[in-house]
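Asks: Chain by chain, the residues run as shown.
2 protein chains.
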Amino acid sequence: MIALPRSMPRTASHVLGAGGSRQGERRGMLARVALLGEVDARTFAVLDDRYGVVRMRSGAVANKRALAACEVLVTNGLQGVTADELDRFPALKLVASLGSGVDTDALGECRARGLQVTNTPGVLAEDVADLALGLLIAAVRRICVGHDFVRNGRWPAGRMPLTGSLRGARVGMIGLGKTGRALARRLVACGVEMSYHCYRTKSDIDYRFWPDLIEMAKYSTILVACCPGGDATRGIVSREVLSAIGPRGTFVNVGHGSVVDEPAMIELLETGRLGAAALDVFADEPNVPEALMALDNVVLQPHQGSATADARHAMSNQLIDNIEALFAGRALLSPVDDDGAGDY
Amino acid sequence: MIALPRSMPRTASHVLGAGGSRQGERRGMLARVALLGEVDARTFAVLDDRYGVVRMRSGAVANKRALAACEVLVTNGLQGVTADELDRFPALKLVASLGSGVDTDALGECRARGLQVTNTPGVLAEDVADLALGLLIAAVRRICVGHDFVRNGRWPAGRMPLTGSLRGARVGMIGLGKTGRALARRLVACGVEMSYHCYRTKSDIDYRFWPDLIEMAKYSTILVACCPGGDATRGIVSREVLSAIGPRGTFVNVGHGSVVDEPAMIELLETGRLGAAALDVFADEPNVPEALMALDNVVLQPHQGSATADARHAMSNQLIDNIEALFAGRALLSPVDDDGAGDY
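Read top to bottom, the protein sequences are chains A and B.
According to the numbering used here, the first sequence is numbered sequentially starting from 5.
According to the numbering used here, the second sequence is numbered sequentially starting from 5.
It should be emphasised that the hints constitute simulated quantities derived from the structure, not laboratory data.
Hints should not be assumed to be uniformly reliable.
Just so you know, same-sequence chains aren't split out, so a pair can sit in one copy or run between any two.
Taking lysine to aspartate or glutamate and the DMTMM-like style, the derived pairs with C-alpha atoms no more than 25 Å apart in a straight line are [as the list claims (entries may be wrong)]: (1) Lys182 x Glu197; (2) Lys222 x Asp314; (3) Lys68 x Asp88; (4) Lys68 x Glu197.
Computed from a predicted structure; not experimentally measured.
Just need the whole structure built from these sequences, with the hints factored in.
Replies: What follows is the structure, encoded as structure tokens:
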């Protein structure tokens, strides 16, 4: 994602690292790729070997000359990119983001400068959908509670209470991009009733479409946020939406922490006015509110949606292939189009 | 299930409770239904109101007269029924079991006496399949580990390691009855490759059939036991089978604790020769080996497969409907046929 949580401005603190890469120096050439945030060691090694990479590190001093030749800026969902950062690259042509969703704000900044933008959609959708399904079932069937029940030796003293079920469940999806569709396919196989809310109806989808999110939340027993961050989705899972899901309902978020009113969600979970939640994303990652950690009607994950070796390898390859295409003058493999700015 | 773990003989200790039901006494009639083990309050109330129920409780003294008129014996998977118990019912016509699987040993005893046997198949298959899917994903994607990672405040100090994925997974099912089929349908939607091992190939199934379980285990990355207990399946998930799944493989058991060599499984999990396990059933429920509780590559559940309010209500209705059919002289709704003695 080219995602920029508003609560985390980084313009002043994210500056160029002390030195470029050894590979770039050895060649005596300026690096052609700049790296904002972290990528895995293999991705770095491949890019550095081919093009030279200059890392931008938090707290270091900017070096205008090192950025002068950078045509590509690699970023990721948690790092994103700001207007100030973009201003520092005179030769920039491409912002290549590792991840699927795209923040519409950051995308707008790139569009205004005529920059191309790529992401790595699709390759992680199936893994995110698997985790979302696992979290949804874990919340409804209280798998983590049961796991602790056994591990704490409580079973011999009596049965764990009966749990909810997916029988008769009505699932409302917020966002129906690649991840949402992959999850919906799985849920249909579980026999639930599917419907969705998006910025527009999808002509190739048979699930019921709800133009009004609150109406969908009232109808649904389970609400799943599967949409990107950014202004278009900020806070759309409001107190009113969460209340509409209700005391027997479940909220699942694998989209972006910014889509939900987190304080309201916590209050409703604490008072039983929202039944349960399964959360892979949070407003201020990696900081999770302590109040959430204390609840037993939540399942919490440290943003593991695409955190599998397979998905990360495929994402890395897609990122590298896009950069290679740019330098070879070929068409980009997965450019972000304005419409696809989201899975929303 | 009419399941009788061999390790838990109960013939001497399970005898008739002190008194019959008040309803039966009020009528001045002998109870027509005997109850072995526990059922939920609603089921008891309905049966007692219609036919009078005599409870058989552990540690109480037998009362021949109270059992004389019982035509139905209600039992469940954990209680089962023994030959000695059956001998005490001169008027018995039906053993009605709350649950899906049927232990072939107990079934044989009933057959030898000309007793009819019913179970409650189907109504719980979908709920068990949901939980099995949730446990499988939880094991592969380490959901309970991630949950603890967040709750223990470890996320700000660094990322949780990458996990396994279902991409490219090959799932081998042991048993393909109603539950197995419901789970397979879900797994196909997750994009995995399905195959199965049963006592015979199923003509209406396209998944690859393996007559040899060890060969299937070698081929599979995930092995799921979805079969009943009893002699036919005792210990079939042997040390050799578990070793064949391997260090990167996962074993899931939602069938019966007796199907797996539990000590071998624990040893292989402890030493990393079996990657992970997700277990809803155990050899000596509700007692779970402490060694299992200490492992972080397992997901443990207190036999929650059908422990949803919906499934239990449906099971209860099916049990009551069978008993009503018997007393009304109608055909039983879900008699156990010899072939269907298992989902295996």
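Asks: Since the copies are identical, ignore which copy is meant and state whether Lys182 and Glu197 lie within 25 Å (CA to CA) inside a copy, between copies, both or neither.
Replies: Answer is both: 19 Å inside a copy and 21 Å across each meet the 25 Å cutoff.
Asks: Should Lys68 paired with Glu197 be assigned to within, between, both, or neither, using CA atoms and 25 Å as the limit?
Replies: neither (56 Å within a copy, 52 Å between copies)
Asks: Evaluate Lys68 and Asp88 at a C-alpha cut-off of 25 Å and name the case that applies: within, between, both or neither.
Replies: Cα proximity of Lys68 and Asp88: one copy only (13 Å, versus 89 Å across).
Asks: With identical chains treated as interchangeable, where does the CA-CA distance between Lys222 and Asp314 reach 25 Å or less: within a copy, between copies, both, or neither?
Replies: between (37 Å within a copy, 21 Å between copies)
Of the numbered hints listed earlier, the single one contradicted by the structure is hint 4.
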